[in-house]
Amino acid sequence: MIDNSVNLSRDAKNVIEINGLNKWFGNFHVLQDIDLVVSQGEKIIICGPSGSGKSTLIRCINRLEEHQEGKILVNGTELSHDLKNIDAVRSEVGMVFQSFNLFPHLTALENCTLALIWVRKTPKAEAEALAMKYLERVKIPEQANKYPGQLSGGQQQRVAIARSLCMNPKILLFDEPTSALDPEMIKEVLDTMVELAETGMTMLCVTHEMGFAKTVADRVIFMDEGQIVEENKPDKFFNEPKHDRTKLFLSQILAH
Amino acid sequence: MDTPDLNYAGSNKSRPPPANTVGIIGWIRSNLLGGPVNTCLTLISCYILWLIVPPLLDWTIFNADFTGDSGRECTTEGACWAWLDQRIYQFLYGFYPPDSYWRVNLAIILLLPALAYVLFDKLPFSRQGRWFSLTYPFLATFLLIGGIGLEGITTDKFGGFMLNLVAGISGIVLSLPIGILLALGRRSKLPAIRILSVSFIEFIRGVPLITLLFVAVIILQLFLPPNVTLDQLVRVMIMITLFASAYMAEVIRGGLQAIPNGQYEAGKAMGLSYWQSMRLIILPQALKISIPGIVNTFIGLFKDTTLVIIIGLFDILGQARVLQTNPDWMGKVDYETFLIAAIFFFIVCFSISRYSINLEKRLDTDHD
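Sequence order for the protein chains is G and Z.
Last residue of the first sequence: 256 (the numbering used here), numbering continuous.
Last residue of the second sequence: 1368 (the numbering used here), numbering continuous.
Be careful, since some hints might not be right.
For lysine-lysine, the following DSSO-like pairs were computed, each having C-alpha atoms within a straight-line distance of at most 30 Å [to be verified]:
| no. | chain 1 | residue 1 | chain 2 | residue 2 |
| --- | --- | --- | --- | --- |
| 1 | G | Lys139 | G | Lys124 |
| 2 | G | Lys124 | G | Lys146 |
| 3 | G | Lys146 | Z | Lys1288 |
| 4 | Z | Lys1268 | G | Lys170 |
| 5 | Z | Lys1268 | G | Lys139 |
| 6 | Z | Lys1189 | G | Lys84 |
| 7 | G | Lys133 | G | Lys13 |
| 8 | G | Lys170 | G | Lys121 |
| 9 | G | Lys146 | Z | Lys1189 |
| 10 | G | Lys133 | Z | Lys1122 |
| 11 | Z | Lys1122 | G | Lys124 |
Since the hints were made in silico from the structure, they are not lab data.
What you are looking at is a predicted structure, and each value in this text was computed from that prediction instead of being measured.
Please build the complete structure, drawing on both the sequences and the hints.
So, in structure tokens, the structure goes:
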């Protein structure tokens, strides 16, 4: 059922190792026996119908969701109830949300410097310089002193990306980063993400932007009903899908 | 300088709004005379004001007596203000020794910068100012009660409006942090903390303040060891504070529930600890939403301080009652004393209310 044989050797290049992951919401078995290994610099696109568990999967990686069975190793640190481990993992993993989740009472710049100052204990001036660097990278340095409520959706999402980058993460998780955006703003966010991919960042991205998947993905993972149904390189995934459910899904989202 | 005419092809038809829709005329037209119903209401309101205001002015000022040594010298139809020049000090300071009034005054004057440094940012010397605000409660206690170098004054001498201010301000200052902790406790995942918070809030809210004050004054003594005495005023302040905290907790819980889950998650994903998330992300937003409710509780608390009369403390209303039953003034000053008390309360409560509106505007980050 799964293409790639799962290699759980403690290869230093594997930044994420998920083995036999199971999770339930009440009685609902949302993730079923998930195995996934991500090596450093890999770009992975996760797609699938809604309710298939793709968001839950990436939210398990920084423990916004707790799993009940199986093992998740991020950079060699196992996610368990140990708060130290959770903090260690969260400091390596950045996350970009569907609804941006910027802090509305802080300016774009303050959003970016908050964790630097309070978690990393970076001096304020240094934190601001770093934040400006990343705001320039996402091409909105001129909006630094505006509040999220004064920015367009696309600008807000780019601030959110800059905010994640400030913490210098080794892995970035994207949870449907363009789903809450107007069509004309999707491109500016995707462009930012493509540029980011070119820097060699390890990225796991839940998205339905198949064009983006074709451009940057090293692997595309298709999930349905809590299982990884199929995973493959993008050209093979789109041109020769093996599984019927994948074919059906692709025909539905590529129909337009 | 020659500016190019950008109004090509006459496409820009921007012009100022019609004169009768802006300024004073516009305001009167839209607010007082907008349609027949509106106009009728305006006329009726004017008539009612004409009925009320002149007699009120006659009573309070034009027909009033301002001098005299007792109520018998107040012979006109208007108000009797003759007591003011002798008795106003009792209304303000209670039985506090007159040669120490300056200590109360100084405490109140110092309260202004202490409050300012808490309430307003961007003031000069803000660092030193914050330290001053932190030390103010101790400074004020020292000034009022005395001790090292100052003549000691027991709290049973406290009275009048000063008593309302002491109980009200300490209640306001303490009930907010306690209320925040209770609100967080009620939403805690730890069952022990949650059950404790819920029981406390529900018990305190379910009991009238008067009952709590009686408990504080009469019953508490039965449980304390015989040689331990807790100052009467301190007990009252504790009860008023706890009472307000329970209400405050529910107001703040409402604010906390309005914060989307994504805000908590973003904080977690960035590696902030629970207390960091609360302090930096959640509470600033939740408290902002809760401002109207918080201020409501503050004002309620401040007015509740008048209930100390039933346990034998003479706040400003107590002083009014004292004067009303004084044989020299009996039957002459019933309205006048209450009116003076009302004015003092109104000044403080209205100031709190105006500040909160100003604060809400300042914290609004949704628009330019």
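Quiz prompt | Hint consistency between Lys1268 of chain Z and Lys139 of chain G [alpha-carbon to alpha-carbon, up to 30 Å] | solution = Distance ~26 Å between Lys1268 of chain Z and Lys139 of chain G Cα, so the pair holds.
Quiz prompt | 30 Å Cα cutoff - pair Lys146 of chain G, Lys1288 of chain Z | solution = Holds, at about 19 Å.
Quiz item: Under the criterion that the straight-line Cα-Cα distance not exceed 30 Å, is the pair Lys133 of chain G, Lys1122 of chain Z satisfied?
Solution: holds, 27 Å
Quiz item: Keeping to a limit of 30 Å between CA atoms, is the pair of Lys1189 of chain Z and Lys84 of chain G held or broken?
Solution: holds, 19 Å
Practice problem: Decide if the proposed pair is consistent with the structure: Lys124 of chain G and Lys146 of chain G, CA atoms, cutoff 30 Å inclusive. | Solution: Satisfied, since the Cα-Cα distance of roughly 18 Å is no more than 30 Å.
Quiz item: Is the Cα-Cα distance between Lys1122 of chain Z and Lys124 of chain G 30 Å or less?
Solution: holds, 18 Å
Quiz item: Taking only the CA atoms, is the gap from Lys1268 of chain Z to Lys170 of chain G under or equal to 30 Å?
Solution: holds, 17 Å
Quiz item: Is it true that the CA of Lys170 of chain G sits at most 30 Å from the CA of Lys121 of chain G?
Solution: holds, 19 Å
Quiz item: Going straight from one Cα to the other, do Lys146 of chain G and Lys1189 of chain Z come out at no more than 30 Å?
Solution: Violated, at about 35 Å.
Quiz item: Can the restraint linking Lys133 of chain G and Lys13 of chain G be considered satisfied, given a maximum Cα separation of 30 Å?
Solution: The given pair, whose Cα atoms are some 28 Å apart, holds under the 30 Å limit.
Quiz item: Given the hinted pair Lys139 of chain G and Lys124 of chain G, is their alpha-carbon gap at most 30 Å?
Solution: holds, 22 Å
Going down the numbered hints, you'll see the structure goes against just number 9.
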